[in-house]
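Model the full structure from these sequences, guided by the hints.
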Amino acid sequence: MQFGTAQVRKIVLPIAFVAASGGYVFADKVWLTPPPKPDLYDMLEAAVPFTPGPDAGPVTFVDGVYRGPKADAYYGYVEVVATVRDGRLAEVRVAHSPKSSSVSTMINGRAMPKLRREAIAAQSGYVDFVTGATLSSKAFSESLIGALQDAAK
Amino acid sequence: MIRLNRDIMGMPVTIGIVGVVDEQLHELAFGCLREIDRRFSPYKVGSEVADLNAGKVTVETCSRDMLEVLSLAALTSSETHGYFDIRRPDGRIDPSGLVKGWAIRKAARLLVANGATDFFVDAGGDVQAAGLNEERRPWRAGILNPFDTTQIVKHVYPGTHGVATSGTYARGAHIYDPLRGTAVGDTVASLTVIGPDVFEADRFATAAFAMGEAGIGFIETHPVLEAYQIDARGLATMTTGFDAFARP
Chain D
-19 MQFGTAQVRK
-9 IVLPIAFVAA
1 SGGYVFADKV
11 WLTPPPKPDL
21 YDMLEAAVPF
31 TPGPDAGPVT
41 FVDGVYRGPK
51 ADAYYGYVEV
61 VATVRDGRLA
71 EVRVAHSPKS
81 SSVSTMINGR
91 AMPKLRREAI
101 AAQSGYVDFV
111 TGATLSSKAF
121 SESLIGALQD
131 AAK
Chain H
5 MIRLNRDIMG
15 MPVTIGIVGV
25 VDEQLHELAF
35 GCLREIDRRF
45 SPYKVGSEVA
55 DLNAGKVTVE
65 TCSRDMLEVL
75 SLAALTSSET
85 HGYFDIRRPD
95 GRIDPSGLVK
105 GWAIRKAARL
115 LVANGATDFF
125 VDAGGDVQAA
135 GLNEERRPWR
145 AGILNPFDTT
155 QIVKHVYPGT
165 HGVATSGTYA
175 RGAHIYDPLR
185 GTAVGDTVAS
195 LTVIGPDVFE
205 ADRFATAAFA
215 MGEAGIGFIE
225 THPVLEAYQI
235 DARGLATMTT
245 GFDAFARP
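Quick note, the sequences are listed as chains D and H, same order. Under my numbering, think of the first position of the first sequence as -19, with each following residue one higher. Under my numbering, think of the first position of the second sequence as 5, with each following residue one higher.
Rather than coming from a laboratory, the hints here were simulated on the basis of the structure. Remember, it's a predicted structure, so these values are computed and weren't measured experimentally. Some clues are possibly wrong.
Not the full set, but computed from the structure, chain H residues with beta-carbon under 8 Å of chain D [said to hold, decoys possible]:
| id | residue |
| --- | --- |
| 1 | 129 |
| 2 | 153 |
| 3 | 157 |
| 4 | 242 |
| 5 | 245 |
Taking lysine to aspartate or glutamate pairs in the DMTMM-like style, the calculated list, with each CA pair at most 20 Å apart, reads [unchecked claim]:
| id | chain 1 | residue 1 | chain 2 | residue 2 |
| --- | --- | --- | --- | --- |
| 6 | D | 94 | H | 217 |
| 7 | D | 94 | H | 247 |
| 8 | D | 50 | H | 94 |
| 9 | D | 50 | D | 71 |
Built from N, CA and C at the ideal position, the CB exists for glycine as well.
Now the structure itself:
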């Protein structure tokens, strides 16, 4: 499955790179940097009984910045800050997450070895398991709900 | 293969074991993880970590497991130039960043000790595999797209190595902030590390992720670790030995 991909890669990679860069620029101008992760919004929708836009739902929020409670994400805590503007949830920022704790920016300019790069692209085929960054979605929701409870009238 | 899921340590845990007829070994490993959670979560009243922070137990009177974790924490802090520190700003200790990988390794060793040869233990995307899958092929792992977790962007074959990924939400403030002009490529979306076992992979993934874009360079300098780092543009950088794991 992995064999004979060299020629394909030569063609696909530049296209993917241009597509990725283009997508980024577009996203930057319009809204977020980079394109938002869909599962964040799934979590928001699941956590918040709230419809944005002119025909907003029953819950109205008071403008302001609300810090959610610290929610246990097992290997650390999660804390979100919700910003409400014009009665709408305008922004959710992760103020603290487990892996950002106790870290200073100390790294100094050691020469970076020349490492191979590639544009990521979706792969098909069966896998036995997946690896990806995890954060307890429950902790995220708990902190966000706490922040929005403070904002709700 | 029997594959079972449980929610332990606040995350989904999946164990798959080839060649077994019942769930006994799975339950043994799940029990091991639950026990570690009970003892090492700083958020659980009565856990050994909570007691340690409350001064109810000391380094002299704590369990052997706790001593091992504390020693490994000291070692990791030194090996990562201070990027990994279990001491929190309030002076308490929180070893949970280390305990996850340690717990998976312990559960995997328990399975081996009880005769399992072909299995994987996956806790929230950090995985220890052993042997072969049920088709008698090398275990095949997928690295998730940090921007769309319904997609896989890379296949890796960790063999008996451990694989762990750090990322995304730790830099969530950068990724989701529409106002901050973070330079393109300044942000690492995810960092997947393959190491001799899941404990090594996990602790170095955590530490290297905290280093930002320099993290991949740090892993490159480490002889037994390989990594695949995805930045905010969707560009991946890999260590020189990573390709060996991208083939079965």
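Against the structure, the hints:
| no. | hint | verdict |
| --- | --- | --- |
| 1 | 129 | holds (5 Å) |
| 2 | 153 | holds (5 Å) |
| 3 | 157 | holds (4 Å) |
| 4 | 242 | holds (5 Å) |
| 5 | 245 | violated (11 Å) |
| 6 | D:94 <-> H:217 | holds (13 Å) |
| 7 | D:94 <-> H:247 | holds (15 Å) |
| 8 | D:50 <-> H:94 | holds (14 Å) |
| 9 | D:50 <-> D:71 | holds (18 Å) |
The structure fails hint 5 only (numbered hints given earlier).
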